[in-house]
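Hey, can you work out the whole structure from these sequences and the hints?
Protein chains: 2
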Amino acid sequence: MENGAKIKVLVVDDHPIVRVGIAAIINARPDMAAVAQCSTAEEAIELFEQHQPDITLMDLRLPKMSGVDAIRAIRLRHPKACFVVLTTYEGDEDIYQAIEAGARAYVIKGMPHEALIDALRRVHAGGRFLPPAVSRALAARTPDSDLSAREREVLSLLARGETNKEIAQHLGITEATVKCHVSVILMRLQVSDRTQAVVTALQRGLVHL
Amino acid sequence: MENGAKIKVLVVDDHPIVRVGIAAIINARPDMAAVAQCSTAEEAIELFEQHQPDITLMDLRLPKMSGVDAIRAIRLRHPKACFVVLTTYEGDEDIYQAIEAGARAYVIKGMPHEALIDALRRVHAGGRFLPPAVSRALAARTPDSDLSAREREVLSLLARGETNKEIAQHLGITEATVKCHVSVILMRLQVSDRTQAVVTALQRGLVHL
DNA sequence: TGAGGAATCCGACGGAAGTCGGATTCCCGC
DNA sequence: GCGGGAATCCGACTTCCGTCGGATTCCTCA
Chain D
15 MENGAKIKVL VVDDHPIVRV GIAAIINARP DMAAVAQCST AEEAIELFEQ HQPDITLMDL
75 RLPKMSGVDA IRAIRLRHPK ACFVVLTTYE GDEDIYQAIE AGARAYVIKG MPHEALIDAL
135 RRVHAGGRFL PPAVSRALAA RTPDSDLSAR EREVLSLLAR GETNKEIAQH LGITEATVKC
195 HVSVILMRLQ VSDRTQAVVT ALQRGLVHL
Chain F
15 MENGAKIKVL VVDDHPIVRV GIAAIINARP DMAAVAQCST AEEAIELFEQ HQPDITLMDL
75 RLPKMSGVDA IRAIRLRHPK ACFVVLTTYE GDEDIYQAIE AGARAYVIKG MPHEALIDAL
135 RRVHAGGRFL PPAVSRALAA RTPDSDLSAR EREVLSLLAR GETNKEIAQH LGITEATVKC
195 HVSVILMRLQ VSDRTQAVVT ALQRGLVHL
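Heads up: the sequence lines are chains D and F, in that order.
The first sequence begins at 15 in the working numbering and counts up by one.
The second sequence begins at 15 in the working numbering and counts up by one.
Treat the hints with care, as some may be off.
Simulated pairs of lysine-lysine, BS3-like, Cα-Cα distance not exceeding 25 Å [to be verified]:
id	chain 1	residue 1	chain 2	residue 2
1	D	Lys20	D	Lys78
2	D	Lys179	F	Lys193
3	F	Lys22	F	Lys94
4	F	Lys179	F	Lys193
5	D	Lys22	D	Lys94
6	D	Lys179	D	Lys193
7	F	Lys94	F	Lys20
8	F	Lys94	D	Lys193
9	F	Lys179	D	Lys193
Coverage of chain F stretches by chain D, computed from C-beta distances (three or more under 8 Å per stretch; other residues unrestricted) [said to hold, decoys possible]:
id	stretch
10	37 to 44
11	190 to 203
Hint data in this document are derived by calculation from the structure and do not stem from the laboratory.
Note that the structure is predicted; figures quoted are calculated from it, not measured.
All C-beta atoms, glycine included, are put in the ideal place defined by N, C-alpha and C.
What follows is the structure, given as structure tokens:
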């Protein structure tokens, strides 16, 4: 296959060892090439402009700006840009956000490496790639599970181990109000106390450590 | 360099995409070769017997049996076996356990990939490889932070979001006793409530999701 | 426009969590 | 042996958490 027909891939992952390895996998294929790579969302935006890759292979958990934010930012200027998400986690929030932002494939690092190659080829051909586990997580999302902005704010403070009183001071509201928000959060996450709320929020990717 | 002098490496990581990529990095070097690879601790023990690698490159978070358990099991029969730990996390418990089990190097996936190569060569030459962050985490460990077996048991139930009453039933003891254990755990982790305890336990790798 | 829903806010009540003091058992070293 | 330390166990008291009922504001949509 001649050089010009190769699929140009930009690889974004905050772990250099993992990233270089993935680039090696891609470069071992005759029909694709990792033309650039980086560790942060900010660099990704810049490198996209420079290289105009056919596909951007994006990890979601990045320092500071997230991979989803990077996808949104790039698609603002390049609506036709193609993204394949490659991540470790199966938290439904990550998946939902990524698909919402316009990702065309969602590959989990626990899958065989041929799946990654397959996803890249399918997306390049205009298709999609969503493994069953991902589709199931998407389907399991009830509109009820959405949290309001304020509730997410409270949840993130919950996940830092703050007490109701601390959260109240932090937000400039009454402790009673905080309790009310917490109650709503417990209902939405379908759990019965704050500790369970933090655990399931971490599992679902609503907040991070 | 002739083939016989190559460093034989066994690669163990539960994420195939990451693992194949790392093997590719190793195989790109003239003085080393990934002679085998697998996703679980059980397979690792078997493959070690088959290939007798010079170095086993081991991830710590594996399904069922952990990487640390695999290191211990292999070293029981092969005390001279060399291990390089390659993991995502910097939780001090993981680090401590791995070094205790006999790992000669601790490489974090966030480091440049030359660091991995460097670690493999140094360990093969009889040396060690412990990055500053790892040494610091080891030094920060106070004997006070050790939990008893019972306390770890309670902590793991805490991290599943169980209430004191549920934990009591689960362990066949009184709720008052559970509260006592929880109090000790809070003191050892230097936090003030169960939610903070779960968060810091997750951060430090004392328990996993 | 105005009825309804959602988000935000607050106070009072019952139950759970965490602290304190105390007791028993086991193990290690002098 | 036996004193001391650590782990395990328990009950009573105080504080915090979560629920309930209720109120206000804002937005939407019929």
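Tested hints:
no. : hint                : verdict
1   : D:Lys20 / D:Lys78   : 32 Å, violated
2   : D:Lys179 / F:Lys193 : 22 Å, holds
3   : F:Lys22 / F:Lys94   : 15 Å, holds
4   : F:Lys179 / F:Lys193 : 9 Å, holds
5   : D:Lys22 / D:Lys94   : 15 Å, holds
6   : D:Lys179 / D:Lys193 : 9 Å, holds
7   : F:Lys94 / F:Lys20   : 18 Å, holds
8   : F:Lys94 / D:Lys193  : 57 Å, violated
9   : F:Lys179 / D:Lys193 : 22 Å, holds
10  : 37 to 44            : holds (count 4)
11  : 190 to 203          : violated (count 0)
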